[in-house]
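Peer 1: In the order they appear, the protein sequences are chains A and B. The first sequence maps to residues 1 to 582 in the numbering used here. The second sequence maps to residues 1 to 275 in the numbering used here.
Check each hint, because a few of them may be wrong.
[As the list claims (entries may be wrong)] Partial chain B-side listing against chain A, Cβ under 10 Å, derived:
#	residue
1	57
2	160
3	176
4	210
5	213
6	236
These are calculated hints, taken from the structure and not from any lab test. Ideal Cβ positions, reconstructed from N, Cα and C, are used throughout, including at glycine.
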Amino acid sequence: MSEPIIEFEHFSFKYKAQQFPTLNDINLKIYPGEKILIVGQSGSGKSTLANCLNALIPCSYSGEVNGTLRVCGKNPGKLGVFGMSQIVGTVLQDTDGQFIALTVAEDIAFALENDNVPQDEMVQRVAKISEKLELTDLLDYAPGAMSGGQKQKVSIGGVMVSDVKILLFDEPLANLDPATGKSAIKLIDDISKNDDVTIVIIEHRLEDALYRDVDRIILMGNGTIVADMRPDDLLCSNLLSDNGIREPLYISAIKASGAKIQPSSNPRNIEIMDLEPYKEDIKKWFYSVKPSVKQYSEDVILEVKNLCFRYDKKRDILNNVSFKLRRGEMVALVGKNGAGKTTLSSLICGFLKPVSGDIYFRGQDISGLSIKERGDRIGIVMQSPNQMISKPMISEEVGLGLKVREVPDDEIEKRVNETLKICGLYQQRNWPVSALSFGQKKRLTIASILVMNPELIILDEPTAGQDFAHYTEIMEFLKELRDKTNITILMITHDMHLMLEYTDRTLVLTNGNLIKDAPPFDILTDENTCEAAYLKKTSLYDLAVRCGIENPPEFAARFIDDENRHRRASDRNKSEQGGKNG
Amino acid sequence: MAKVLSYEKQDTFIHELSGLTKLIVFLLWCFTSALTYDTRVLAAMLVIGAVIYYISGTKWEQVSKVFYAIMFFMIINMLGIFILAPFEGCKIYGTRTDLFTIFGNYIVTKEQLFYELNVTMKYFTVIPGAFIFLTTTDPSELAASLNGIGVPYTLAYSVEIALRYIPDVQDDFHKIKNAQEARGIEMSKKGNLISRITNTAVIIFPLLFSSMERIDIVSNAMELRGFGKKKKRSWYSRKKLTVRDYVVLFSAVILSAAALILTYHDGNRFYNPFV
Chain A
1 MSEPIIEFEH FSFKYKAQQF PTLNDINLKI YPGEKILIVG QSGSGKSTLA NCLNALIPCS
61 YSGEVNGTLR VCGKNPGKLG VFGMSQIVGT VLQDTDGQFI ALTVAEDIAF ALENDNVPQD
121 EMVQRVAKIS EKLELTDLLD YAPGAMSGGQ KQKVSIGGVM VSDVKILLFD EPLANLDPAT
181 GKSAIKLIDD ISKNDDVTIV IIEHRLEDAL YRDVDRIILM GNGTIVADMR PDDLLCSNLL
241 SDNGIREPLY ISAIKASGAK IQPSSNPRNI EIMDLEPYKE DIKKWFYSVK PSVKQYSEDV
301 ILEVKNLCFR YDKKRDILNN VSFKLRRGEM VALVGKNGAG KTTLSSLICG FLKPVSGDIY
361 FRGQDISGLS IKERGDRIGI VMQSPNQMIS KPMISEEVGL GLKVREVPDD EIEKRVNETL
421 KICGLYQQRN WPVSALSFGQ KKRLTIASIL VMNPELIILD EPTAGQDFAH YTEIMEFLKE
481 LRDKTNITIL MITHDMHLML EYTDRTLVLT NGNLIKDAPP FDILTDENTC EAAYLKKTSL
541 YDLAVRCGIE NPPEFAARFI DDENRHRRAS DRNKSEQGGK NG
Chain B
1 MAKVLSYEKQ DTFIHELSGL TKLIVFLLWC FTSALTYDTR VLAAMLVIGA VIYYISGTKW
61 EQVSKVFYAI MFFMIINMLG IFILAPFEGC KIYGTRTDLF TIFGNYIVTK EQLFYELNVT
121 MKYFTVIPGA FIFLTTTDPS ELAASLNGIG VPYTLAYSVE IALRYIPDVQ DDFHKIKNAQ
181 EARGIEMSKK GNLISRITNT AVIIFPLLFS SMERIDIVSN AMELRGFGKK KKRSWYSRKK
241 LTVRDYVVLF SAVILSAAAL ILTYHDGNRF YNPFV
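Turn these sequences into a full structure, and let the hints guide you.
Peer 2: Written as structure tokens, this is what we have:
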């Protein structure tokens, strides 16, 4: 076997400001041409590990290094960020932030420009890379005119142009819709096959990342390597779920049926997996669990009727959209970027005026109401907490909406405290906002809306860019909130797990048309709808079909119900035990 | 709003010139206009400016808003000159021809009017020049041209970065404003001035924080791709100088030299019709 291209030996790293090392005694060898997936929940050290490869650690984030790391036989700390950029190409999670220049061509050329490569050579090299990535027609485009997937291709082009030996992808799926994510994984796989590069992917969405084969999966937890295994072996163990990583849904479903998965049956991918040994168990399980029942309230909160919107005559942004939201429902609004999701929520909140059509709130036409008046009943929570938080102290931030409504001070205090209790932030009420974690900040923004007692809240991408643990924290909080207050929640999302696990209904927008309004199980098992909305069929569907179960949506519904029941039961146990200990 | 003073791709002689040429000519133009008070030179520049403006295909709606804003400040400036130095013209031209008295010592003179006419003409020579430069120069080329005249590339590139992120920050601004309005913070003209000023704080802080988040990502991304490590940098979008660039540069140098000779040949930069 050849020499490893990346070699960690008893490697540890401690950030300057921290007491304990973030990476602890890492031993890892990666060989040229390999394709490696690194998984782990936030705080497991996976991003720190990646930043050691491109020398951001220790050059930009200082700290204490122990042990050795060699990349291509060199020490990244000595070579520096610039030197390493010639060897390791890093594709950041935020492809919009990585898009530095004003056009595609210039952005791909950025590294060459900095290397003072002559203009003629630069033009040639950009042309070659863009042809490979099918970007030739987009060379003059500005970042604003491009989709997330296209921007990611530009990011890849921008690092490949330097002839790097290693491509490092930091959560490549985080900002992409499921269908685009699928093509990104395929593109990475093609690069791995056709070019002489080693690929390291950091991602916590395991099922999506495994759409194409990887050689090994490195599982990280608490700053150490918990497992370094072939995907087939790792999936048969319980190491993933024990370390806060979501297993592929079909794997969880097979495990739930009581069957024991064998590495020889190719569990890494549902399409090639041999299901013969598990079929009977799965069927037996399906007929033994309770059918899923959903109860609907008939109390309509919001009704949208024949809503149309356009900026100019050329293109309809929304075309004749009608739907109802009932009291206490959790509903997902999905569709690819530019499908009209944000426009729809802006129309509901009054940021935009419809060209035609009506919006009724509890049967009352709200077209005459101002943004502020609508804000009394309909709250909107932005994607990033940083876009909303404007006061330095927590209780001040939550009370802001009441203060401007000239509510008396003692009532403000009462309502703020009540809301902070619901949101689990009461203990921290006198803290500065800056002391909160990301998840707590998110809850703070929700609290600052809830305090006004809206009957409907709209959340824009509530879980974007979060790992499984934070995702669960936020979504369980929203569900509990709904159960306690019977508030109606509309979520703009492209997270399919969120749809499956937490929503009663899904609205699918495509090119301004509402093409489907149905339970999530029906949508994620319907190929045509998924394709039109850039979603991906759930693997539970494939599993059900291939096991000969005649009603795949019902199979998906029962599995999710069952899984939720188990998780909540185990959470209750945990908190009871925690209560006893405390 | 987004289209104001922004580059528009077109196929004119001016568009095809290298950004470097346009920048040098523009600087020469401003330099000449700043030095000369010779009415004949200014008149010639006005005519040439108008012709170039016509050739450049710049549209009125691209520049109108900024034009009105400049006009506003110009009028304030003119009044200011008169209020602070009502006899500046007389001092310069050495004669005094009273026209009428406004009150007290504020007497309108022919010389003062002529002096202020010259100042106005200076405005009108520089404004179209700036408009043409901005609307015909590809922003990507702008940084390259700045670097071309000796501005350090790190500084020149910050211009490009600003242009790249202005639309994103505008977008953020609207999002934040909407969300805060939905929380009940009055941003429209209904509220009184003081509450409107204090209320802008609830937009500015989130905008600042989300911009800082962005800056952090961008600076890492730039460093990861080697920005700032070498002394020199090449530019993908730099236009090479062609024969016509050299012709234009040469003519511009000759013309401004001629203008300055005409201005200063009598040892005074003012053209004096009063003696």
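Peer 1: Report the numbers of all earlier hints that the structure fails to satisfy, in ascending order.
Peer 2: 1
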